[in-house]
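Student: Chains as they are written, first to last, in this note's numbering: chain C, 122 to 481; chain D, 67 to 350.
Incorrect hints may have been included.
No more than 20 Å apart at the CA atoms, straight line, and that leaves these computed lysine to any residue pairs for SDA-like [claimed, not checked]: (1) C:Lys275 <-> D:Glu243; (2) C:Lys275 <-> C:Arg372; (3) D:Lys164 <-> D:Pro174; (4) C:Lys275 <-> D:Pro174; (5) C:Lys275 <-> C:Glu448.
What the hints contain is simulated information worked out from the structure, not anything from laboratory work.
Single-letter residue listing:
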Amino acid sequence: MSIRISQIDKTYGATRALEPIDLDIRDGELIGLLGPSGSGKTTLLRIVAGLEQADGGTIHFGEREVTQVHVRERRIGFVFQHYALFRHMSVFENVAFGLRALPRRQRPSNSDIRTRVMQLLEMVRLSAFAERFPAQLSGGQQQRVALARALALKPDVLLLDEPFGALDAKVRQELRRWLRHLHEELGFTSLFVTHDQEEALELSDRVVVMSNGRVEQIATPDTLYREPANRFVFEFLGEVNRLEGDVANGRLTCGNASVSVPGVEPGRRELLLRPHEVHLAEHAIPAAHLPITVAAIVPVGAEVRLELEADWLEEPWLASVSHAEFERLGITRGRRLFALPSRLHGFDAAGAQNVALPVG
Amino acid sequence: MIAATLRRRASRRVLPGFGLSLGVTLTFVSLILLLPLTSLVGQLSQLSLSQYWFLISDPRILASYRVTLLAAAVAALFNAAFGLLMAWVLVRYEFPGKRLVDALMDLPFALPTAVAGVTLATLYSSQGWVGRWLETLGLPIAYTWVGIALAMAFTSIPFVVRTVQPILEDLPSEVDEAAVTLGARDGHAFRRVILPHLWPALVTGTGLAFVRSLGEFGAVIFIAGGKPFETEITSLMIFVKLQEYDYAGATAVASIVLATSLALLLVINLWQGRFTRRLHGGGA
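Could you build the full structure based on these sequences and the hints that come with them?
Tutor: Here you go:
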């Protein structure tokens, strides 16, 4: 079921929680709402669910307008941040709750309920725990119960509020992969809220980045990472190195460092780049003369993270290089090298500007 | 040397003052609770079993048990419903004057019960503001068991409100929301999701209200009127016997009230313990 959100806005007292927002979600899409706390992402999710009323705008599920439809008639599944399981009911009864709450005419027979619930528990791999109580389960298991419960009524739309927020890193990873599979298998349309950029990028077909009640960018994870629409998106999605200097004749100068930046307007400019966009070499090249000193070395997994210092930098840069590169250059602490940025990103009121440099 | 080491090890608790605070606590428990109870048992031991039986099964006393139990039960049930509603309103909604209403809930505890008794008696007597109207409708309140139940309900309402309120506050509103997103009607959600959570607290509160009502004296006697066999409550009987210098009789009847209250409290506690264990992950 597709979701069409148009001009939805919300104000709490004097606080503008949501600026008018438009968002089209295609049938079967998995969309992540990403943003820092207070960005309005949870408010938007709750408005889509019907747990909160928007001040204006409309919401359609497919062709059906649901703006004024009560939560219980919207046919949504909602997974709460802290699961909100019914603690006095067994896992089985939790999952069966929605089926048992149906009006008598639509309610399946007890044996049908049993079959359906066991099927759902099978799907979330908890069949053996049907008679347990929520307090006897781990966080990850409780989360799966909450998901099975939300899916029991075959909702048109599945909404998840910080679904993995309260879990530890390893379980989170596992559940994410599992949810992705489940989504591909069942094909429900889904909208989830997260403040974790890695989670949003890994799980979503498209990500909606929000801040201060506004949508900053809606894009696939790949586009989002490569072509951020603005500075906020760029900074929110990962670590950032800063380079500030004066641009003249297509070259940025900062102390004894300089780099060619074709197409950048002259004047005082700040350019940004990611750690993996910093390459290292023993010699400067005509396009870039950026002398640095290696201040710290941290091998993490597939790459080595380096902290780079220079007197023309206000704060040190981070660089991530491959182990092969690391060995080829024989990097040690205190080694003097040259940084070669492969890309530089500039943002101003007019929009984003990306400068590619011929290195690497 | 060894003794010193031992002593040091023994006092190696992180929280200081265990010995002193426990000592003081036990002393006060003994003085305030146990001593009077012991003297009651001491008084009782002067009676033979048949004397005791004769004293506690006097028809007038038996009638007082019936009146007390009936009125206390009605008061407790009324409070269960009204107290739950009150707690619900105080926790779930925001309205002007909420804090005032919240504070008013404790009034029956703070107000001298005799004051409550006099007030209720004047209000509901056949000349009182409210009583006059009810009289014409054929519903006399004063000098009937209904009046007794009313006075009991007045003094014991905070028990229900104050036991249910914190539990309701603890119940995240997400749980109601979850029930509603699953399509539950309000009634269904309340019965199946909220009530089971409140149940232990509600039963405890109601039980406490009932126990308290069994022993209520000050608030009840004025409105009860004290017609033998009709509106005499058990605590009044104790008082009457004391005035007649019948200490043995008073003690015998008091022992019944005490035993009933203690037994009820014990049952409530055991039952509540079982229920709570289930919610927090013990065996079902």
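Student: Work down the list of hints and note, for each, if the structure agrees.
Tutor: Consistency of the hints with the structure:
1. C:Lys275 <-> D:Glu243: holds (18 Å)
2. C:Lys275 <-> C:Arg372: Cα-Cα ~59 Å, so violated.
3. D:Lys164 <-> D:Pro174: holds (18 Å)
4. C:Lys275 <-> D:Pro174: violated (52 Å)
5. C:Lys275 <-> C:Glu448: Outside the cut-off at roughly 55 Å; violated.
The earlier numbered hints that this structure contradicts are 2, 4, 5.
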